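**Q** Chains as they are written, first to last, in the working numbering: chain A, 808 to 1526; chain B, 808 to 1526.
Wrong hints could be hidden among the right ones.
The list treats identical chains as interchangeable, and a pair is accepted whether it falls inside one copy or across any two copies.
Once the Cα atoms are required to be at most 20 Å apart in a straight line, the calculated EDC-like pairs of lysine to aspartate or glutamate come out as [what the hints assert, rightly or not]: (1) Lys1435 with Glu1455; (2) Lys884 with Glu1172; (3) Lys1204 with Glu828.
These are calculated hints, taken from the structure and not from any lab test.
Computed from a predicted structure; not experimentally measured.
2 protein chains.
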Amino acid sequence: MPLQRIMNAESVAVVGASRTETKRGFQAIRTLLDEKFEGKIYAVNPKEKSVLGFPCYARVSDIDDPVDIVLITTPAKTLPAVLKDCGEKGVAGAVIIAGGFRELGKSGNDLENALLTAAQKYHVRFIGPNTSGMINVKTSLNLVGLDHVPKGDIALISQSGNMALTLITEAKVKSRKGFSYYVGVGNESDIHFHEYLAFFKNDPETKAVLMYVEGMREGRQFLQEAYKTTLLKPIILLKSGRSSVGQRSAGSHTGALAGISEVALTAFQRAGIITVDKSDELFPVAETLSNQPVIKNNRVAILADGGGHATIAADILTDRLGVDIPELDEKTKEKLKNLLPFTASVLNPVDVAGGTDADPSLFAECARILLKDSNVGGLLMVGLFGGYGIRFAESLKWKEEDAAHQLGKLVLTSGKPIVVHSLYSSIKPHALELLRYYKIPVYDSLDIACRCMGVLSIRGRYLGEYHAKVNFVFNWRAREKPEARQIIDTAKAQGRRSLLEPEAKRIFKLHGAPVSDDPIATTADEAVKIFKKLNCDVALKIVSPDILHKSDAGGVRLHLTTEEEVRRAFKDILKSGHIYAPKADIRGIMVSPMAELGLEIIIGTKIDDQFGPVIMFGMGGVMVEILKDVAFRVLPISSHSARKMINEIRSAPILNGFRGRPPYDKKAIQRLLTLCSEIVEAYPDIEEMDLNPVIVYENGTRIVDARIILKEDGDSNSF
Amino acid sequence: MPLQRIMNAESVAVVGASRTETKRGFQAIRTLLDEKFEGKIYAVNPKEKSVLGFPCYARVSDIDDPVDIVLITTPAKTLPAVLKDCGEKGVAGAVIIAGGFRELGKSGNDLENALLTAAQKYHVRFIGPNTSGMINVKTSLNLVGLDHVPKGDIALISQSGNMALTLITEAKVKSRKGFSYYVGVGNESDIHFHEYLAFFKNDPETKAVLMYVEGMREGRQFLQEAYKTTLLKPIILLKSGRSSVGQRSAGSHTGALAGISEVALTAFQRAGIITVDKSDELFPVAETLSNQPVIKNNRVAILADGGGHATIAADILTDRLGVDIPELDEKTKEKLKNLLPFTASVLNPVDVAGGTDADPSLFAECARILLKDSNVGGLLMVGLFGGYGIRFAESLKWKEEDAAHQLGKLVLTSGKPIVVHSLYSSIKPHALELLRYYKIPVYDSLDIACRCMGVLSIRGRYLGEYHAKVNFVFNWRAREKPEARQIIDTAKAQGRRSLLEPEAKRIFKLHGAPVSDDPIATTADEAVKIFKKLNCDVALKIVSPDILHKSDAGGVRLHLTTEEEVRRAFKDILKSGHIYAPKADIRGIMVSPMAELGLEIIIGTKIDDQFGPVIMFGMGGVMVEILKDVAFRVLPISSHSARKMINEIRSAPILNGFRGRPPYDKKAIQRLLTLCSEIVEAYPDIEEMDLNPVIVYENGTRIVDARIILKEDGDSNSF
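Build out the structure end to end from the sequences listed, making use of the hints.
**A** Right, here's the structure in full:
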C-alpha cells in the first residue's frame, strides 16, 4: 500500500516549528504532545534552537533517524527546497498547509504545477496544498491542531476543513461515535481521492468512509476504487457545487472542477456510493451505516407513542424515500393488541396510544414482537422514548433504561436494524445514551431518523443485487476499425474538428449501427439517379466542412417525392449554401431515404470535467427541450447499465406502448447505447457525438443524423 | 370574538377533579397551581370533598360565580350530561380530553355526532375531543399538564399533542423564543381551524401562527381566514398525511380526512401561507418569520469563514430555494478587500479565509459593509462564529460577543434580516445566546439556516405582490341558467347521476363555452342528412344513459368522410351498443364535426374531501397520463389565478410556441377555466366535470368531449 507509511507514520517532522503560540508551527507540536502521539516528533527550523523542548534541526535531512511524514507550515515559495530536502532524506510524504495555489486562478495554477513537478522529481507524495491537514486518530498522529477528536470507525475525507470540523463536532455533541482517520484533501494536487479510498478500503478499523467533495481530479479512477470498496464497506458522500454560485464558491477556495451534477450522482450510485444531499444527514447516515445491519426487504415498521410523529414518518419513508410500511401479520397484530389499550392502532404505523405511559419498557416488548414479523425488515421508533422520566414521572427512567438494554440486544439477536427518533435526544437522558452505547442511532429530527432507515434499505438492496463487473476504465482503441481511424486522421490532417455527416455515419456503419450509407451527389443528375435507384422519398443535405449548421444554411430538404422536386432541391441547396458561406468547400449533396415515422430519441456523448466521457439519452422534442428529461452515464457502459438508463427517464413508459400502441424496441436502443460506448472507447480523439434524432420502431432503430466533434489538437485524454 | 372568553378564560372548572396523582383530574389542577394561573379554579367531582385544597362541587351549575371554561377529564359516556349542565350554567366553552370517537371509525363517528348535537343544543363550544388541551401562556391558563412552556409571540395550533410537545421542547432547547397560546384541535369536531385562526389574527401578542395539520373539516373557510391573516402576520404550516400510509395513520388517531395533497399545497400558497414539508424546519421558520424583517429583493449575501459551508449554502439557496446570490457592488468588494487577507474571496459568497481568526469581531464589520450594498436584501452567516473562543483562544470570546451586539443592532438599523449558521450552536456559547437575545435565529444545520433565509424571501415577495381579492366561498346558483337547471333536474328525476354528452355540452354552450351544439340522429338517413348539411368530416357517438364508456361499447367512430361511411358507422354503432348493453336505452347517435388538429388539453373538476370543489388542468396524452403534469386549484378561481395555473405545469412552455410554432391561445384556456369555475358555482349538484380533450388553437379552443357527474341524491354541499 503506497499510503501506508504516510497515514500510519511513526515519526513526524514539523517544518517551520515555532516558539510563537499563534503560529501553526507551534500549535502542531503542542497538539501532538497534548494528544500523546505515539511516535517520534522532530522540530525543523534553522532559526530556532528548540521548540517545546524539542531541539531544532536546520533541515529535515539533518535528522538521523528515519522520518515518515513531514508537516510543512512554511509559505509556498519555500516548498520546492523543502521537498528536495525531504526527498533526499527518504521521507514518504508531506502535508502542505500553505494556500495561494490553484484556488487563486491562473498564477496559482502555475505555482501548483511547479510544486507537483518538484514532488514527483524528489519522490515525495503530498497531501494538499491548501489543506487543514490529516489525523490518524488511532495513533494520535494529529496534524490538524484540533484536539479531542473522538476515536471510532469512520474514516473522514473532506475537501473543506470547516466541514470536517462540523462533522467532528457533530459526532462529539450528538453521538457516541468517532473517527479512524481524517484527511483534508485540499487542492488534491498529488494524492488523489481514490488513493485515500484504497487505503481506507483495506484499513481493518475503518467500517465506513464519509466524504465531503466539491470536485475531483480523477473521477474515473475514484469510481473504480469506490465500486470495489462499497462491496466491503459503505461510502457516504456529499457532493456540493451543484449550482453555478456553488461552483464559483468551490472554485474560489479549492479550485475544484465543476462537472455535471447529474453525471456525478448517477456515477456515484452506480459505484454503490450512498449520496446525501443535505449536510445535516451526512454524519447520521455514516453513523447508521457503520454499525446497524441493513434492511433486506425494503420494509419497515414504525412504532410510535402518538399519531403526529407516526404520520410524518410514514409520509417521509413512503413518499420521499420509497420504503414500504407493510401491514403486519395477523399474529403480530394479535400479540400487540394483547399488550396495548383498545385505542391503540396495531396497523403499521403502530401507535401505542398511551399504552406506554405507565411503563415505557413495553417499547422493548413491542419491538420484539415487530422484529419477529417476517414482513418487517427494520424498526423505526418515533416519539418521546427517553423522555418519559422527564415528561411524566422520574421513576419511569429505570423502565426506559431497561427497555434500552433490551432494544440494544434485540438488534444483535434479530439481525435487523433499529433507529430511534426522540424529541428528547438533545437533552441526552441516560436511556438514550444507553441506546447509543449499543450503537443505535438516536436523533431528534424525524427527517434524519427516517433518512437513516432509508439508507439502510438502499444499502440492503445494493448488497442484495447482482453486481455485474463494472469497468470505469477504458480499453482505448481496442475495437478501432482501420477505415474509421483513417476518416478521423484525414479530418485532423485537414485541420477539421468536425466530421462531415457522411463521415460520421460511415463510422457508425462500420461499427454495425443502423444507419444508411448515403451516397453523395455532385450534380443534380446524379442526385436524380440515386433517387430513382432508392425508389422512395428522399432527403437532401449539403455536405461541407464549412457548414456545420446545415438547416440554418438552407442546406436541408426533406420529403422529396418526384424527380422534379429532387432536381429543384439540389439547385436550391447549392444556391443557399453559396449565399450562406460564399467560400464554403461544398463536397456535394447527400441523398438519403426518408426515415419511416416512429418515435424520436436523442443520444449524445461528451467529456465531463471530472469523469471524462459520458453519455446522455432522452426522448426527442418536447421531452428533452422543454422537460429536460434525460439520463446520464459515465462511459463505458454495459448492456445492463444501458437498460437501466433507458428506464430511468420519466417518459420511459412511452416506450412500453401507450394508448394501445405496441411497444418500441428498447433492446435496439440498448444496443445503440453500448455501441456508442464502444465507439467512444475506440477513438480517444472524440470530444462529442450527437445522434439527433434517432427513430425508434417496433423493430429496430435508425440514426437519421449523426455528428462527431474531435478534440482540439494536443488535448490529451487523461481519463 | 366568539372565542375570546374561551381562550382568555378567567375562571376554569375541572370536571373529574381527582385526588389520585396519576389522573388527569389531579394533574390539571396541580399544573394550574404550579404555573400560577391568574384566574379562578374550581374542582368538580360529586364523589370528592376537596382536591388539592379546592372544595369539590357536585356539578358545574353548583358553582356560584361565573365559569368561563371547563376542562372535562371524564369518559365519553358522561359528556352529554356534563355539557347540558355547563350549558345551563352559561359556560362559554369546554376542553374535551376523552378519546374513542371518530378516530375509531363508524361507531366512534356516531358518538362524536351525538356529542356535537348536545353541545349545539346547550350552546357550549368545545375544543376536541381527543385533544391534549389548550394553554394560554400569557395568563398561565395551562390545560395540558405540560409545565414551563416558554412565553413568547408564536401561537401554536396542532392536531397532534406529541408534535406540540416536540415544538415546545425545541423552542426551549434550541432558541430563546416562546408561545402565546397552544391549542390542540383534536378531532376538530366543533371549533374549527379557521375559528382559532381568526382569534390569533386579532390577538395583539401573537406575531406568527405555527400549525401542524393532518386534515381539515372546513378547508374553504380556513383558506378565507388565512388569506386575511397572512396579510397581517405569517402562518407557517406543515400538512402531513400526504402518503396513503400517512393518511391511514392520521385517520387512526384523529380521524383526519385525506384530501388531495397538491390541492392543499397550492391552496395554502394562494392564501399566503408558508408551507414547510420538513418537521425540522417548522419551528425555526416560525422563529425567523416572527421577528426578522423580510427580504424584499430575493437577494442574499453569504458571509463565511471557510469554503465548504459557503458552497453548500450557495447550492441550497440558489438550486433548491430559488434565492439569488448576486455579485456585489465594486465599492463593497473594495471595502471588503481592505479588511481581509488577499486569499479572501470577495465575490458572493464572501470567504474571509482566515481573516477573522485573530479577531472575529470583523464579522460585524463585514456584515455592515454587506448590508449597505443595495444588491443585498439579507445576510446569511455560515461557519464557526460563536466558536472562536472554543476552537482557537478563549480570549476571542469577548470579540465574538462584541460582534454579536453589533450584529443584533444591525438588523434594526439596516431593516434587513440576518440568519446565522454556527456549528457550535448546540454548545450554546454566550455570543450565540446574545444573537438569540437580539432575535437572530442561530442553527447548526445549514439546511435549516438556508431555509429560514428562503422563507424570508418568500414572505417578502408575497407581501410585495398585488393581492387580488381572493374569494374562497361560493356564491351558489348566482349564475344559474334556467335551461341548464332543467337539464340537471330532468336527469335527477330520471335517477341518472351522469349527464348525457349532448346534455353536458348544452350546459357548456349555455354558459358561452366553445362547443358545438351537436344534433342527434335516430336513423341512418337522419345522420347522413346532418353530415351533408355540416359539409365536413364528422364523428358519430352513441347517446345512452346506460353507456358511460362509449369507446368501450364500440360507440364512437371518427373521421367519417363519405355518406357511405356515415351510414355504415351508424349501423355498426347501434349493433355494438346492443351487444355491449342489450337493455340499453339508446337515445340516438350524435353527429359532430371533426375538430381541426391542435393541441390537446384536459380540464376537470371534482370535490376534495377538505376543500370542496377543485379544478385540474393539464396537457392531454402523455403529459397527463405518463408524466402526471397537472395543476390544481380550489374553486372558485379568478382570471388571474387561472393564468398562473396554466403557467404552473412543467409543459407550459409548449403553449408558448415550440420549434418555431406560433403560440397557442392561452387567454382562451384561461376563459375556459374561469367558465368551469362559474358552472360549478352555478350548480351545486355537480360532483365532477371532465373536459377531455379540449383542443387549443392559435385562436380559441374547442371542447370535444364533456362529461358531468351529479352528486348522489341527499349529498349536501357543505363548502
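**Q** Identify every previously stated hint that the structure contradicts and give their numbers, smallest first.
**A** When the structure is compared with the hints, only number 2 turns out to be violated.
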